[in-house]
Each structure stands twice: as structure tokens, then as C-alpha cells.
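Here my numbering is used: the first residue of the sequence shown is 3, the next is one more, and so on.
If you are wondering where the hints come from, they were derived from the structure by calculation, not from laboratory data.
Any given hint could be a false lead.
[Unchecked claim] Think about it this way: if two alpha-carbon atoms lie no more than 35 Å apart in a straight line, the pair counts; the simulated DSBU-like pairs of lysine-lysine are:
1. Lys264 with Lys162
2. Lys95 with Lys118
3. Lys141 with Lys118
4. Lys264 with Lys335
[What the hints assert, rightly or not] Using C-beta positions, here's what the derived DEER-type ranges look like:
5. Arg119 with His240: 24 to 30 Å
6. His390 with Asp184: 33 to 39 Å
7. Gln220 with Ile364: 38 to 44 Å
All of these numbers come straight from a predicted model, not from anything done at the bench.
Quick reminder that beta carbons are idealized off the backbone N, C-alpha and C, glycines included.
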Amino acid sequence: MRVLLVQAFTALDMELVYPIGLAYLAAHLDGHEVEIFDLNLYRDDPYTPFGETLDRFQPDVVGISLRNMKVAMPGVHTDDFQPQQEAIEFVKKRLPGVKVVAGGTAFSLYSEAMMKRLPAIDMGCWGESEFSFPELLTKLDRPWEVPGVYYRDPADGSVKFTGHRPKLDFKSLRHPRRDLVDAAPYLASSFVSVGVQSKRGCALRCIHCSDTFLLGHQVRMRDPKDVVDEIQELVEDHGVQQMFFCDQIFNIPVSHAIDICKEIVDRRLEVAWSAWFNEHRNTLPDELMIWLKRAGCGLLSFSPDHVDDRMLKNLDKNFRYEDMLYTVEVAKKHGMDVEYSFFLNSPGEDWRSLAAIFKFLIHARLQLGGQLRMFTLLMMNPIRIYPHTRLAELARESGMIPEDHDLIEAAYWNPGAIQHAVTGWKATARALYDVRRRWKEFTGNTYSSVTR
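Working from the sequences, and respecting the hints, build out all of it.
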């Protein structure tokens, strides 16, 4: 069977993102002829090359990855539903007989709503699809036999779900099929987009985050040697010099993170990288910091979302303001660059808590100087409400959103008057980001998010 895996076009002014999910999926499609097509490689005219690929390859099945419902850019959350709809409908118009199977993070989060809104989707795979999609390919005429699948009832066209599959044993998965994706355009981007996963799942319980719904609270880890085998392959076979760990949180557990760093050092791999880190001081011991630096980590990316203790409690974070101060202290001590991202309208926000964010950033700048990436000042956005989160429950209980809101159209937590400040900062941040981007283009500076 010919299977075309597609990363949907986001129609955004943003950097490329390597389709690691599709590469993982392709690795499990034994016995099928597989190609991967990323619409984002053709920003000016994506549908001409896409149409040519459909005509040439004549796939039996198109698996389309709906990666994002939004992208958080400085000063704006950009909705992706319309370009995703266009891509799906384009496939059906070009090849009416082809089976369209949707998947990816955005589909899994809004699966029932998407099936109802987009009749061009024949079926969809919920969550991790490395096993469900290959099984579905053998049962396209009876999808109701495959756990983890949305389909349309042949009798009345209603949307049905076969139920969730158990979470995958991440250690049992094969390495992604990197040979199906030309890394060159992603490596040429100023944004480090080539990623590696060392674990799936998140032990944290932030009220706004949907990751635990999608991947569970249990952290499922790969063997550090296997992780570094993949990194070595990227470096030696694909010319990758910079990469990103796309784990939910890299430093939980700390021991696993240290073991990966040690393995990178032992193999003397020359690769710069970054990851998302938890802020609690117990997750940032000196031992880890030493190994991070030795292993090539050039940037600590934090997403604390706030610094005020009351707000952190409201967001159900596992750290407090003193831990935020410690992130500055430990970064300064070990000479590590850092960046932070924040929300500007968390539940309970007021002018005092809002001022605390800027007070913290002033402190961090004074302590760290150039080690604090100034991009931090731009990455402040309102909280978008996602389905299957406690924030969505609170929003419905308070009447902020109606019970039947499927949340495909953006809804934000709005604390009232503070929203005016949020709106003003959004406009300012977007303008600053555009100036920064144009300056980079003018100077030819491909300033990396990993190395300085």
C-alpha cells in the first residue's frame, strides 16, 4: 500500500519544524511504500508541489498530521484550523477516492470536534499512533476493530470512537525514519527544529496544559544509550550540529538526564542542544548543571508561566518564587544561557502579580546580563483555554465559555481589566519581534536558539 504522510501547512510566519512524529510513524509501516511531505517547506505556494506529489505518488492512504491548533508567537496566538482544513479538503478534491486519516497533537486534542467539522476526514488516530495506524491500514474496511481510532459509522455517518489504547512502551519504539526527511532545509533555519525524544509523559499537573491528557502522567523513558545512538546518527549521517530535546520536561527525573549527558560526553559527540527544564531547585542540582555544560547544552529553556507564589499555586506549579530566583543563581554560577516564557493573565492575576514578572526579569537581567536571552521579553502571552484541562473546567464553571464550546476557535482566560494591559503588550511584543526578525534577515545573522 502507498502511504503519504503529510505535515499540514500552518500558513504562519514562523520557522520550520522537523516532522519527527511522522518520522516515528513511518518507522513502523513495514510492508508499505511510504513518503513524507511537509507543506511548510513551500510557504509561497504549497499546493502546487503538494498536488504534484499526490499525482505522482498516487497514495492509497494520506495520513495528515495536524500538529498545532495554534502557535504561540510573540504577542499573538495564531490559529491553524483554516490552513489545516484547506490541506485536508485539497487532498479529497485532488484524489476523491483516497482515504484520509488524521492524527497528530491537534487532532487528538480536538478529535471529535474535528471529525464533525471536517467531513473530508475519513478516520483519525488518537494519541500515539505508532501501533494504531499500521493496524488501521490492515482494517480500513472495519476501523471499529482498531482501538484508538475515530471513524464514521457506515449506517448513519455518525462519529464513533473505539476507545483509548494503553500508552505505548516508549522503549519498544524504533528510531524515526530520518532517511525519509531531507534535514537540510530544517538545518538551514535559524530556529533549532530537529528534535529527539528521550521520554514521553509528564509528572506535573499544570492546570492549563493538555500534555497529560495526550501522553499521561507516567514518564516513559528510553534507555540513555538508545537516545544517544539516535543523536549520533543525526550528527554523523545527517550533519546535525544543533538539536532540541522535545520532551515535556528534560530534567525529570534528574538521573535520566545526567545519564544522557554522560553518554554524549563519553562518545565525544560535537552537538549543541537545548531542552525544556523544570524550575524546582531539586531538579537543577550542580551535578546536572556540570554535565549539561559538558554535554553541549547551550540554553536552559524555562516555561514557569509566572513568578508570583499565589499565581503559581493557582496554576498548580511544583515550584515557587524562591525556585525562580534559584534558576538565575544556578545559571549564573555555571555560565548557562536561559530564557523564560510567561502568561500575562493567569487566574487571579492583578496589577501586583503582573508587576512581579517584570521585577523578576529586571533582577535576572542584572544578574545574568547577556546570559538572559532577551527573546524572553517577547514570549509573554495570554492563556489559551484547551479542552481536557482543569482550566477549561474552571472557565465553564465560571461562565467564561459556554458548555458546548469546542475550543477550536480560540478562547482565552480573561481576568477583566488586566486584559487591557495584555492587549497592549501583545501588540508591542509582536512589533518588536517583527523588527528583530527583519534585522536578522538584513544582517544575515542566523542567531541560534541553542548557541550564542
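Hint check:
1. Lys264 with Lys162: violated, 47 Å
2. Lys95 with Lys118: Answer holds: lysine 95 to lysine 118 is near 19 Å, not above 35 Å.
3. Lys141 with Lys118: holds, 22 Å
4. Lys264 with Lys335: holds, 20 Å
5. Arg119 with His240: 24 to 30 Å: violated, 38 Å
6. His390 with Asp184: 33 to 39 Å: holds, 35 Å
7. Gln220 with Ile364: 38 to 44 Å: holds, 39 Å
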